[in-house]
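Participant: Residue numbers (UniProt numbering), protein chains in the order written: chain A, 1 to 229; chain B, 1 to 625.
Keep in mind that the hints were calculated from the coordinates and are not lab data.
Predicted, not measured: the structure shown is a model, and the values here were computed from it.
Among these hints, one or two may not hold up.
[What the hints assert, rightly or not] Straight-line alpha carbon distances no greater than 30 angstroms define the calculated DSS-like cross-link-like pairs of lysine-lysine that follow:
1. B:LYS49 to B:LYS209
2. B:LYS91 to B:LYS209
3. B:LYS138 to B:LYS66
4. B:LYS49 to B:LYS2
5. B:LYS49 to B:LYS90
6. A:LYS72 to B:LYS49
7. B:LYS138 to B:LYS176
8. B:LYS79 to B:LYS66
9. B:LYS66 to A:LYS72
10. B:LYS275 to A:LYS83
11. B:LYS277 to B:LYS209
12. B:LYS201 to B:LYS173
13. B:LYS173 to B:LYS150
14. A:LYS83 to B:LYS66
15. B:LYS49 to B:LYS66
16. B:LYS30 to A:LYS72
17. B:LYS35 to A:LYS72
18. A:LYS83 to B:LYS30
19. B:LYS150 to B:LYS138
20. B:LYS201 to B:LYS176
21. B:LYS209 to B:LYS192
22. B:LYS90 to B:LYS66
23. B:LYS209 to B:LYS150
24. B:LYS209 to A:LYS72
25. A:LYS72 to A:LYS154
26. B:LYS192 to B:LYS150
27. B:LYS201 to B:LYS259
28. B:LYS192 to B:LYS138
29. A:LYS83 to B:LYS90
30. B:LYS209 to A:LYS154
31. B:LYS176 to B:LYS192
32. B:LYS138 to B:LYS209
33. A:LYS83 to B:LYS35
34. B:LYS79 to B:LYS209
35. B:LYS176 to B:LYS209
36. A:LYS83 to B:LYS49
[What the hints assert, rightly or not] Counterexamples of contact, computed for chain A against chain B with all Cβ distances above 10 angstroms:
37. SER7
38. ARG73
39. GLU100
40. GLN136
Glycine included, each C-beta is placed from N, C-alpha and C at the ideal position.
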Amino acid sequence: MDSKGSSQKGSLLLLLLLVSNLLLCKSVASLPICPSGAVNCQVSLRDLFDRAVILSHYIHNLSSEMFNEFDKRYAQGRGFITKAINSCHTSSLSTPEDKEQAQQVHHEVLLSVILGVLRSWNDPLYHLVTEVRGMQEAPDAILSRAIEIEEQNKRLLEGMEKIVGQVHPGVKENEVYSVWSGLPSLQMADEDTRLFAFYNLLHCLRRDSHKIDSYLKLLKCRIIYDSNC
Amino acid sequence: MKENAASTVVFILLLFLNTNLLNGQSLPGKPEIFKCRSPEKETFTCWWKPGADGRLPTNYTLTYRKEGETFTHECPDYKTGGPNSCYFNKKHTSIWTIYIITVNATNQMGSSSSDPRYVDVTYIVEPDPPVNLTLELKQPEDSKPYLWIKWFPPTLVDVRSGWLTLQYEIRLKPEKAAEWETHFAGQQTQFKILSLYPGQKYLVQVHCKPDHGFWSEWSPESSIQIPNDFSMKDATVWIFVAVLSAVICLIMVWAVALKGYSMVTCILPPVPGPKIKGFDTHLLEKGKSEELLSALGCQDFPPTSDCEDLLVEFLEVDDSEGQQLMPAHSKEHPGRGVRPTHLDPDSDSGRGSCDSPSLLSEKCDEPRANPSKFHTPEGLEKAEKPETNVTQPQDPQSTSVEGKIPSFHASGSQSSTWPLLQSPSLPYPRSSYHSVADVCKLGLGTPGAASALLDETDTHALKPSQTIETGGEGKAAEQRESESFRSKTDQDAARLLPQDKTPSISARPLEYVEIHKVSKDGALALLPKPNENSGWAEKTSTPETSKEYSKVSRVMDNNILVLVQDRRAQDLAPFEEPAKEAPPSLPQNPAEVDLASFPAAPSNCRLQLGGLDYLHPTGFMHSFQ
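Just chain A, with the same shape it has in the complex:
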């Protein structure tokens, strides 16, 4: 009986692993990675950075497309851009604002900044998916991308944590991130307010994904290629 149960559990686990592997195969990044949960997976730093850059690039592309789709469909003539000034929740995090600043920041600091931004978006992305699904005539272009971005963001976070573990092993980092409090706005009954909330969220996501992508590419060239990409 017990052996049966254990064998059943084992088979279930195998099934889970298989399914997760299949899901992983669907993703853009088809590099050989360690399935989540595996312990002794040694992947070289170069591969980690390559994969991280690919992910960040992909996430920004998705975010840009999602924003353009939303802007075209819902935000025309509403002047949302005028109100979306200084309204991102991650603006409290101090991030370099141009190339010189980014190059002057130490790569560890930069890595932690990246991690902070990534962590700040876990929650908003989750709610974004939920709320877009609940929208009337939920546009499939926006919803599918939101789901994909949420997934890939988690993956990127894991990859970044690996990189940090390799670059600065043993350093206990402070998990600093911004808290997002825009959920009530996403659930507002007033359509205009709600739409602006979505607009703002997507606008900020586009910007932050671009930031992450730029920082990671800088880091990769600096760490892996010694600033000679």
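Once you have looked at the hints, place chain B on chain A.
Facilitator: Then chain B, alone, in the frame of chain A:
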């Protein structure tokens, strides 16, 4: 009071405005920022379009506000970007920050501002084109030859630090081609092209795109000439050639199989069998000899120029009242023994005398009088021919005659040109003629008797004297000949008949002479035609003695044709038909035809010659006797 003051103020303001408007000066038009661009994601430039300047010097200023700041700045650099531009250098450029930019136009009248433009440098990156595009032909020994294209990223873009990641695209084409061939090169700054045509000059361009920006402009063209010996050494080329030639061979074999016979006949045409032009062998099988033989002959009747040789003319010499005209073409219609209607044995009948109620008078006065006296030759459809210049009386007569004797009409148009009537050629009844005038009349009146049937190539049948017109078809000479024949024969008939009248008959028997041939040089080959009437001894002899007058020996001054007998018929003495001589005289001279005598014939009677003229060979008479 207050109201008055207010109204006056308003009034003054309006005046002021109006005066300014009248001057044509106004506020400057609203400018518009139409483009902002960053070439390397470190600086950016904005350009604006000025509005109407209101005919006053206008000053433009650009102000901006940054996201997260509250104060307004002015453009740091109006010059670097060109006119109506603002350049933000590195110090003034912040990425991931929204700039709110406004342009103000100010002139004497006032100022106007553009709509604010929200610019985030992150999303306006458009680099310069790549630089230093080089082309190199490489022909390694152990590999295929290729074109090696190399370039460098634009100078401003910082690729080494990874701040911007560029992707490249090249395009090339032969110089004269219309379409470019584009290749994506990724992030590498070199590319190899393998498929090139030898002997062509190629043009190459490259452009780039940052990882999240816009494509740059294409770089300037670089060109390279591929030498002719740039061989491909590719097996696929030979395979392609082999396949193509096999396909072509298959197509040719298939074409030959389908149309082999026709192709063979095209290349080697079969030897044609003997064939007579116009001769339908099927008709021969059916036994329709008439149609068959009609095909052999001429299409026109009288025959056209190419049928001259076939045409047979008949000269009827009528020496008896039973004489009939035999008009037909012997060669054309051997089977057609067109027998003219038997003439009235009455010596006067059918002779066409103006005095007698015969053809002649009828012809003169009432053309329809004696249709029965005439027998129309087969070709009696002269009236149908519009070209024939036949006198009026003649035409009705011909038509009437035709109507009466349809059987003599030749089939088709062969005989259509035959002149009408030949009056039974017996213009000279056996009774003697006592006067020249009578004879003349008779002669005139009987176109048939004394007229020579000439071989006309076309429709110009013999015409009455008054209406003789040269057909203008090159047969004027022959026509005149015919006329002269006519006249001559008439006169000769008049003269001859009395002579011919042997004791039994006073009228001179007329004899038909065949004009065997009329050649182009004026030679008339005459053959006496055997007389139908059996009363003549000459008849039997005529077949034996084929007298032929082969040529005109000379033309006398008054257009007398002197015919020379060619055959060995000795008894046929050459005869002469002097013009207008005394009838009894019959000189043994070569026959003469007076060409001009016909017109001189009495004019009271017109010859109805539907075109038939008969020559009276006086000599024949003698010979036959």
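Participant: Sort out whether LYS209 of chain B lies within 30 angstroms of LYS277 of chain B, counting only the CA atoms.
Facilitator: Violated. LYS277 of chain B to LYS209 of chain B sits at ~84 angstroms, over the 30 angstroms cutoff.
Participant: Check whether the Cα positions of LYS138 of chain B and LYS66 of chain B lie no farther apart than 30 angstroms.
Facilitator: violated (54 angstroms)
Participant: Mind checking the alpha carbons of LYS209 of chain B and LYS192 of chain B for me, to see if they're no more than 30 angstroms apart?
Facilitator: holds (20 angstroms)
Participant: Given the hint that LYS83 of chain A pairs with LYS49 of chain B, test it: the Cα-Cα distance must not exceed 30 angstroms.
Facilitator: Roughly 26 angstroms between the alpha carbons, so the hint for LYS83 of chain A and LYS49 of chain B holds.
Participant: With a cut-off of 30 angstroms on the C-alpha distance, tell me whether LYS79 of chain B and LYS66 of chain B pass.
Facilitator: holds (22 angstroms)
Participant: Are the Cα atoms of LYS83 of chain A and LYS66 of chain B separated by 30 angstroms or less?
Facilitator: Holds, because 14 angstroms separates the two Cα atoms, which is no more than 30 angstroms.
Participant: Is the hinted pair LYS66 of chain B and LYS72 of chain A satisfied, with a Cα-Cα distance of at most 30 angstroms?
Facilitator: At roughly 25 angstroms apart (the allowed maximum being 30 angstroms), LYS72 of chain A and LYS66 of chain B satisfy the hint.
Participant: Between LYS49 of chain B and LYS209 of chain B, does the CA-CA distance stay at or below 30 angstroms?
Facilitator: At roughly 27 angstroms apart (the allowed maximum being 30 angstroms), LYS209 of chain B and LYS49 of chain B satisfy the hint.
Participant: Straight-line Cα separation of LYS201 of chain B and LYS176 of chain B no greater than 30 angstroms?
Facilitator: holds (8 angstroms)
Participant: Quickly compare the C-alpha distance for LYS176 of chain B and LYS209 of chain B to 30 angstroms and report which way the hint goes.
Facilitator: Holds - the C-alpha atoms of LYS209 of chain B and LYS176 of chain B are around 28 angstroms apart, at most 30 angstroms.
Participant: Does LYS150 of chain B lie within 30 angstroms of LYS209 of chain B when you go C-alpha to C-alpha?
Facilitator: holds (17 angstroms)
Participant: Could you grab the alpha-carbon distance between LYS35 of chain B and LYS72 of chain A and see if it respects the 30 angstroms cut-off?
Facilitator: Judged against 30 angstroms, a Cα distance of about 20 angstroms means the pair holds.
Going through the hint list in order, the structure does not satisfy hints 3, 4, 10, 11, 27, 39.
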